[in-house]
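The listed protein sequences correspond, in order, to chains A and B. Going letter by letter, the first sequence gives residues 1 to 355 in the working numbering. Going letter by letter, the second sequence gives residues 1 to 309 in the working numbering.
Hints may contain errors.
[Stated by the list, open to error] In silico DSSO-like cross-links for lysine-lysine, where the CA-CA straight-line distance does not exceed 27 Å:
(1) K307(A) with K329(A)
(2) K114(A) with K125(A)
(3) K103(A) with K223(B)
(4) K125(A) with K223(B)
(5) K344(A) with K329(A)
(6) K344(A) with K307(A)
[Stated by the list, open to error] With beta-carbon atoms standing in for the labels, derived distance ranges:
(7) L147(B) with R11(A): 52 to 62 Å
(8) G135(A) with W215(B): 27 to 37 Å
(9) T22(A) with S134(B): 50 to 60 Å
(10) E193(B) with E24(A): 29 to 39 Å
These are computed hints drawn from the structure, not numbers from a lab. Everything numeric in this text was worked out from a predicted model, so none of it was measured. We put the beta carbon where it would ideally sit given N, CA and C, even for glycine.
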Amino acid sequence: MSITAQNVTKRFGDFVALDNVTVECPAGALVALLGPSGGGKTTLLRIIAGLEVPDSGTVLFRDDDISKRSARDRNVGFVFQHYALFRHMTVFENVAFGLRVRKWPEQKVRDRVKELLHLVRLEEKAAQYPANLSGGQKQRIALVRALAPEPKVLLLDEPFGALDAKVRAELRDWLRRFHDELHVTSIFVTHDQEEAFEVADRVVVLNKGRIEQQGMPIEVFEHPANEFVMDFLGNVNKLPVRVEGGRALLGETGTVELPAKLFGNGASGRTDAYIRPHELDISRTADGGNCMLGRIVHINPAGSVVKVRLLAEDFGLMINVDVTPDRYKALALKPNETVYVTPKSAKIFESDYSI
Amino acid sequence: MRSAELKTEDSELPTGNGTNSSSVPRLAFRGPRSQDPAWVRFGLTALALVAMTVLVVIPVISVFYEALAEGLGTYWTNLTGDPDTRHSVLLTLAVAPLAVICNVVFGIAAAWAIARFNFRGRTLLVTLIDVPFSVSPVVAGLMFVLLFGLQGALGPWLRANGFQVLFTVPGLVLATTFVTLPFVARELIPVMEAIGPDEELAALSLGANGRQIFWRITLPNIKWGLLYGVILCNARAMGEFGAVYVVSGRIAGETCTMPLQVEVLFQDFNSPAAFALASVLTMLAVVTLLLKVWVEGRVRGQRAEKSHG
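Produce the complete structure using the sequences and hints provided.
Here's what the structure looks like:
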């Protein structure tokens, strides 16, 4: 079932949590609401669940306007950031709660709870209380509790926020597989861009109550709509440039031209250019000429790419470059060496200098 | 910056046991106390014991001593022989629970409103709940006399419609409820604030209605705090004198509760009977105290469980 939030606005006093936000989630998709804290992600999720009432705007499940319906009647599974397990009930009773209030017959309740606990491999914890579970176990119980009454929509608020890195990574993979099996339309909130890109079919970037961009992860990553998205997705070099005569030049003297697509005609001024670490190349010689000198400050060879950190002394800039392990070996890079850095592509956003 | 933070944490927790937060104050406390000179420790302990003996132990013993001075038989006759005394015991055992019930309903409603909603006048409500603590019970009683008396604001109208509040049991319940109003609400507000709304919201999104949420989620979570409030409220309700004195009219056999009857008997120079009845009140207080200690243990246990979870 598809979910649409249309022109949703929500204020808390003077604070605008959501400013005319429209989000669409296709049926069966796993969507990430991504953004910094205070960006309005959780508020939007709670509005979709009916736990919060918007000042204006509508929420549609498929084509039904459910804005006026209580959270109770929306048939939404909601997983809270801090799990919100019922502390005075056993794991079994927690999972059974949604079925008992719906007056399922006892035998069906037992079968369904057993099936769900089996699904998350926590059958042996059925008689335990939430206080005796680990964070990862609580999270899984919270998830199957939400899924027990067979909701049409699953909403997760920072599902892995309170867990340590290793458990986080495991649960992330598990959520993806889980979703692929169940095909419940799901939305989850996260401030971790890696998590969003790794798990989601679709990413919605929210900041200060507005949508900065939404689309497939690859679209968002390769074509960030604006500076905020570019910056938020992380791992990007932000370099101050002058725009002159249709060229973007680095630094005051302008010896290095950045290969960026420019907007407008003949406009000139100062702005920032964005270059991802893999869009820079390191070499021992200045063949092309369009390069800057950098002194290697730090090399991190752990990982699938070698991360090199350089100081471009001419411009006073710290620059991060990713090189392949093969290239790293061929160049035999060492700290404190001076090498040439060539930008292969760069991105400049129109709004910054066209005014 | 990061390492500096870690260092201060270490110095506060020499055991390195970061999960048990209660160990911090205990460790901080044990050091200086054991260094105090012996005469300070013994002096303070002795002072506390003397004060307790003079103010609590001797008076309580003397109540029972006076009550039983003429033997168990007389004691029993004093308690059961006088129909007014018998009535006063039954009256207190009716008025106190009724006041407690009113307070449970009000306390849960007020705590729920204050802990779950942010509305205009919330701070005012929190302050108003405490008014009965600061107003003298006699003044509270007079307030009701002014309100429900024949010259009062509501008295004539109620009288015309066949209701009388002053000098009746409803008046006693009303005055007692007013005086004990803060007990349940005061106890529940911090409990409900600590628990937070998430479990209730989770139940709502799982399809529970208001009644199911209250009985299955809210009430089980607050039950020990509620019971603690009820015990305190009940103790105060049974012993209430000032407000009840004013609104009751002290009609023996009709509106005299136990504390009022003790005073009536005492004024009649019937000391043995007054002390006999007082000893019953004292025994009720001791039972309450034991219950309170037991519930306190449960409340603490529940809080510890929560902080670990």
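Right, here's what the structure says about each hint:
{"no.": "1", "hint": "K307(A) with K329(A)", "verdict": "holds (13 Å)"}
{"no.": "2", "hint": "K114(A) with K125(A)", "verdict": "holds (11 Å)"}
{"no.": "3", "hint": "K103(A) with K223(B)", "verdict": "holds (25 Å)"}
{"no.": "4", "hint": "K125(A) with K223(B)", "verdict": "holds (25 Å)"}
{"no.": "5", "hint": "K344(A) with K329(A)", "verdict": "holds (21 Å)"}
{"no.": "6", "hint": "K344(A) with K307(A)", "verdict": "holds (17 Å)"}
{"no.": "7", "hint": "L147(B) with R11(A): 52 to 62 Å", "verdict": "violated (43 Å)"}
{"no.": "8", "hint": "G135(A) with W215(B): 27 to 37 Å", "verdict": "holds (29 Å)"}
{"no.": "9", "hint": "T22(A) with S134(B): 50 to 60 Å", "verdict": "holds (54 Å)"}
{"no.": "10", "hint": "E193(B) with E24(A): 29 to 39 Å", "verdict": "holds (38 Å)"}
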